[in-house]
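Generate coordinates for the entire structure from the input sequences, incorporating the hints supplied.
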Amino acid sequence: MLGADVAGMSTTAETIVAHHAGMRVLAPSLVASRESFELGHEQKASHEEVLEIGL
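With this note's numbering as the guide, the letters of the sequence shown map in order to residues 923 to 977.
FYI, nobody ran anything at the bench for these hints, they're computed from the structure. Just so you know, not all the hints are guaranteed correct.
As the list claims (entries may be wrong) - What follows is a set of in silico ranges between Cβ atoms, one per label pair, in the way DEER data are often shown:
hint: 1; residue 1: Glu936; residue 2: Leu973; range: 16 to 22 Å
hint: 2; residue 1: Ser968; residue 2: Arg946; range: 36 to 42 Å
hint: 3; residue 1: Lys966; residue 2: Thr933; range: 24 to 30 Å
hint: 4; residue 1: Glu974; residue 2: Leu952; range: 20 to 26 Å
hint: 5; residue 1: Glu970; residue 2: Ala935; range: 30 to 36 Å
Fair warning: this is a prediction, and the values are worked out from it, not measured in the lab. Note that beta-carbon positions come from the ideal geometry of N, C-alpha and C, so glycine has one too.
This is the structure in structure tokens:
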């Protein structure tokens with residue numbers, strides 16, 4: 923619907939309004955697993971662990 927793979931909550935409304943006004947939009951974002959930033963976490967999170975945290 924929006925032509926994007928990820929929709930960030932902080933830019934969604936602005937992007938919809940800009941598109942409606944005929945503007946082109948580029949909104950770079952960093953998408954990361956919250957778990958990967960924990961101190962002392964030495965193993966990479968599996969896909970299943972990331973999905974579990976997100977649900």
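For this session: Check each numbered hint against the structure and report the violated ones by number, ascending.
Result: The structure breaks only hint 1.
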